[in-house]
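Protein chains in written order, with this note's numbering: chain A, 1 to 358; chain B, 359 to 764; chain C, 765 to 1067.
In short, the hints are calculated from the structure, not lab data. Just so you know, not all the hints are guaranteed correct.
Said to hold, decoys possible - Pairs of lysine to aspartate or glutamate, EDC-like flavour, derived with a Cα cap of 16 Å:
1. 624/B to 645/B
2. 672/B to 412/B
3. 593/B to 911/C
4. 663/B to 676/B
5. 670/B to 412/B
6. 593/B to 767/C
7. 542/B to 564/B
8. 705/B to 461/B
9. 596/B to 767/C
To be verified - Some chain B residues flagged as far from chain C (calculated, every beta-carbon gap over 12 Å):
10. 426
11. 667
12. 720
13. 755
Being a predicted model, the structure only gives us computed values, none of them experimental. All C-beta atoms in this analysis are idealised placements derived from N, C-alpha and C, irrespective of residue type, glycine included.
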Amino acid sequence: MIYTYAFVAIAACVAIERFHNRRAKTTIVLLLAAFLAIAPRFYGNDAVFSVLADAAVYVMLALGLNIVVGFAGLLDLGYAAFFAIGAYTYGMLASPQFGLHLPFWALLFLAAALAALFGALLGAPTLRLHGDYLAIVTLGFGEIVPQIFQNLTKYTGGPNGIAALDVPTFFGHSFGASVMPYYYIALFGIAAALWISRNLRESRLGRAWMAIREDELAAKHAGIDVLRSKLAAFAIGASFSGIGGVLFAAKLALVSPDLFGFQVSVLIVSMLVLGGMGNIVGVVVGSLLLTIVNSALLPQINSLVDAAFHTTVDLSNLHFLIYGAILVGIMLFRPEGLLPNRERRAELHHAGEAAGDA
Amino acid sequence: MRSPRIAALAAILLLASPLAACSSGPAPASTTIGIGVDLPLSGADASVGTSTLDGIKLAVARANAKGVPGGFTFAVQALDDTQQGVHNPQQGASNVRTLIADDSVLAIIGPYNSNVAAAEIPITNQAGIVQISPSAVSDGLTLGKDAAMLRRANPGVNTFFRVCTTDSRQGSAAARFALDLKLKRVYIVDDNETYGLDLANVFARDFTKLGGTVLGRDHIAPDTQDFKALLLKIKGYKPDFIFFGGTTSTGGGLLRRQMFDVGMGKLAFMGGDGIPDIAEVAKKRADGTYYTVAAPNADLLPAAKRFVAAYKAKFGSDVGPYSANAYAATQVAISAIEQAIEANGKKMPTRAEVLAKIPRNAKNEVLTPIGPISFDKNGDVRKPVISLYAIRNGRSSFIEQLNLSE
Amino acid sequence: MHEFLAQLANGVELGAIYALIALGYTLVYGILELINFAHGDVYTFGSFVALGILVGLRAAGVLHGAGLILGIAAALIAAILASALLNAGIERLAYRRLRKAPRLAPLITAIGVSFMLENLIELWQGSAPVPFPNVIPNPQLHFGALEVGVQQIVVVALAIATMIALHFFVQRSKLGKAMRAVAQDRDAASLVGINVDRTIAITFLIAGALAGVAGFVGGVSFGSAWFLNGFGAGLRAFTAAVLGGIGNIAGAMLGGFLIGMLESFSTWLIGGQWSNVAVFSVLILVLVFRPSGLLGETLPEKV
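Bound conformation, chain A alone (with noise of 0.2 Å):
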């Protein structure tokens, strides 16, 4: 069930990003839309919507890095510790661990603030260190931030985390335990976050951050303001992965500094890297495949063989060559990503390996 839910919106990404009549593509994107809305009152349980609810904040996450990665050019390898920054917003602001009980839909806000605060603290000082000197910083600060909410315990719940989270109301309705309401959410977030990067790109800072990738030097004399315009991007990123953030835990009703290491930030760029960095409908693709691959396919995956050939075959061993082996294989045959953003490949075959920084 999971794989058709995945299918279906693959596969209409695939074809959004074929078609080249902007009617066509509204006509795929408004069916998409009420499929994914209309399709899970007939067809599916709990388990699938809370992967697909859980596949949906690695989208929105993935679409934030994708501004800072994809757009700007710059390589943060340490986006998690936004995400952390989001979920333990609503960790510490909506849970016994202070008897703080704010609203769920301030905190989404409060917490994309936040993040955004965070992001332009550590990027102020260290943005104009050049390509691989800035992604290794951002590695550090990933290290830092859970590290560090590991470690005051009397705050943060220490390596044990905050559990028991407040379940998140709508005009006095509770969600209780279904996942339906966080899967609608995290729908309605990916459409806002969809919305928000298709503007960025086409507005002014947008082509701001393209000239800083393309050529940074040219960028600056050309009279961009080079500084603040990546301040913006790690801002604007950062803000969607603490929205995701705060998604992650009420749903989870949970956060403890183990969901946020470092393989997160690594699992997020790669999910980028794969679908085709810079492309949003791309990196939808590259997300939604890592999420199933990760979530879904590896953990069930004896299972989903047993039944196939009828064996008894232990594979849970092998997740990881396997999951290895999938970013391998992609990237040696497709190494622009499954599906390319245009500008970019044109620039790969027109100016070589001079692409700059990114």
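Fit chains B and C to the given chain A structure using the hints.
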């Protein structure tokens, strides 16, 4: 050029979808009862996860061989809760939902880790399905306000049980054992993870209460390989022994081993049920290690000996640290399901009927390799026993046991 | 004072291991501008090869007297060869096709290779730490207030000897010069007749060999090998390479020793759980004030 590959990808996904449908839909035959399992089966926890799963498989195989009332067969449905190599509460929650969505699954064994349990309990509580953990020891899963919050969807119902001990039981028993051994001045180290930190906290509290001296405490960072910096620091405090909260692989083995590299090899070393396998890493240097286990002396329990022999015969390897617990947890679940089948006229029982048959008192307790098991109202073992073992000449030997219910 | 010196010695020992791994990152980065994420796992692999040889020789009963020294040499050489070949093999199979691909494609490939290696090593050796035989006798020696183990001296001496050998190789040998030329400008180097593919392959061989030495001395120093060792050690070593100025050989050594001492002293003074925070905070601060690392050259901006 681009489309054939994408078409191929689409075809793979399309092919996979009916497969998924048959695996997560109703079981192929209605005579199969699923024993759902959620454990970390890959990455860093793979070896303990796999040996724990083997304990479950053994219990299921024996129940099937013996014959299940009503002609049913049990089938293990094991899901892995690691993501990117680390046990992950989100994946655990997702796995439990998958198991619950399958109507043939009547009980869930797992998880291994406490923070995964904290994410799962609200879901199993809401679904009313029995869940028994072999190893999640954090107090708040069953006790006090924390546990009540986890059960808030269905406050009157408790579906979560564990055959292991709790941090507070084990930590306070360890404090008493240490003083019995005339060890009075301790330096406490933990791995800064759920199990280790909580165990160290309780030990520190009770050791001080009983008159011991805690000279200092330290927490280690993940992925640490060098413990000599820490040990050099501890050396200056001149403790009688080091207490370690954590497992062999989160630092226990290396810490013990490196004590010899800084001239502290003679010092006693103590920990909980996370380090019975310490000799596998520390080898001869493990001598002088004490550890506690939440079960009576294995040498005096015939069921324990039989279990160890059967396990070795089936899997050809030594029993893992939580294999016996997992076996016991599965025995309890199977016993409850079989009683429910009988009570239901040999027909498939509901999850609520299975829950009602979970042993609650001495009359219906289940005999397991870790002693007779029944649960109190919180879901903890009713007659907890903690045993102390020491490693001498590379082998574990029983020292004494403490009956906590007396 | 006594404890300060002991922590210093421990930091130097730890730093020597990080420096050897960091050199591998820096050599590869210097020539390909690739963060070779699989490098830490090559180090783990070397450690396990040495461990396997030592366990085998010990079982055969030859590890005493002259046999001990020969056995240690055999384990070290085997680790060096195995890691070198593995690293070069990875380059050939996974990275070579991606020379002209977008910058991040090889990075993700490297991450994928790292996952695969970790899984393969786990299948081979299990997921629990495996004890590394205590082959080097470790009596404590006293030099005034300084107390060090023989093992520590061997680890540091071996690491420093390796670094000196590397220095002469890169500065003096023809291959070393070719490496530097390719690192500076691949196209120009190929115009003057340098075989670029071969030079890159040799760089990976050397980086792998260094990881092999590190695997051996790491196994001796930590007393165990574990399939995930490469992740933590690799992360710190990579940080060391950047701290020193990535692509800069002396910088990688300096960075390695600094990170080792930082880890040792932060564990002593503020507690082990803060050591990672300390390491990465220092890294961020250093880069804020010296954007190209301690010994890195300021990159000319591309025009």
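Q.
Confirm or reject: residue 667/B is not an interface residue toward chain C, with every Cβ-Cβ distance exceeding 12 Å.
A. Holds, since 23 Å exceeds 12 Å.
Q) Are residue 705/B and residue 461/B close enough, with their CA atoms no more than 16 Å apart? A) Holds. Residue 705/B to residue 461/B sits at ~14 Å (cutoff 16 Å).
Q: Please work out if residue 596/B and residue 767/C have their alpha carbons no farther apart than 16 Å.
A: Roughly 13 Å between the alpha carbons, so the hint for residue 596/B and residue 767/C holds.
Q.
Beyond 12 Å on every Cβ pair: is that true for residue 755/B relative to chain C?
A. With a cut-off of 12 Å, residue 755/B remains clear of chain C, as the shortest Cβ separation is near 21 Å.
Q: Could you check that no beta carbon of chain C comes within 12 Å of the beta carbon of residue 426/B?
A: The claim stands: residue 426/B keeps its Cβ more than 12 Å from every Cβ of chain C (closest is about 34 Å).
Q.
Please verify whether residue 542/B and residue 564/B have alpha carbons no more than 16 Å apart.
A. Holds - the C-alpha atoms of residue 564/B and residue 542/B are around 12 Å apart, at most 16 Å.
Q | Hinted pair residue 672/B and residue 412/B, Cα distance within 16 Å | A | At roughly 9 Å apart (the allowed maximum being 16 Å), residue 412/B and residue 672/B satisfy the hint.
Q. Does the alpha-carbon distance linking residue 593/B and residue 911/C stay inside the 16 Å limit?
A. 13 Å, holds
Q | residue 663/B paired with residue 676/B [C-alpha distance capped at 16 Å] | A | It holds: about 13 Å lies between the C-alpha atoms, which stays within 16 Å.
(Q) Given the hinted pair residue 624/B and residue 645/B, is their Cα-Cα distance within 16 Å? (A) Holds, at roughly 9 Å.
Q. Is the Cβ of residue 720/B farther than 12 Å from every Cβ of chain C?
A. 38 Å, holds
Q. If you draw a straight line from the CA of residue 593/B to the CA of residue 767/C, is it 16 Å or shorter?
A. 9 Å, holds
When held up to the earlier numbered hints, the structure conflicts with none and fits them all.
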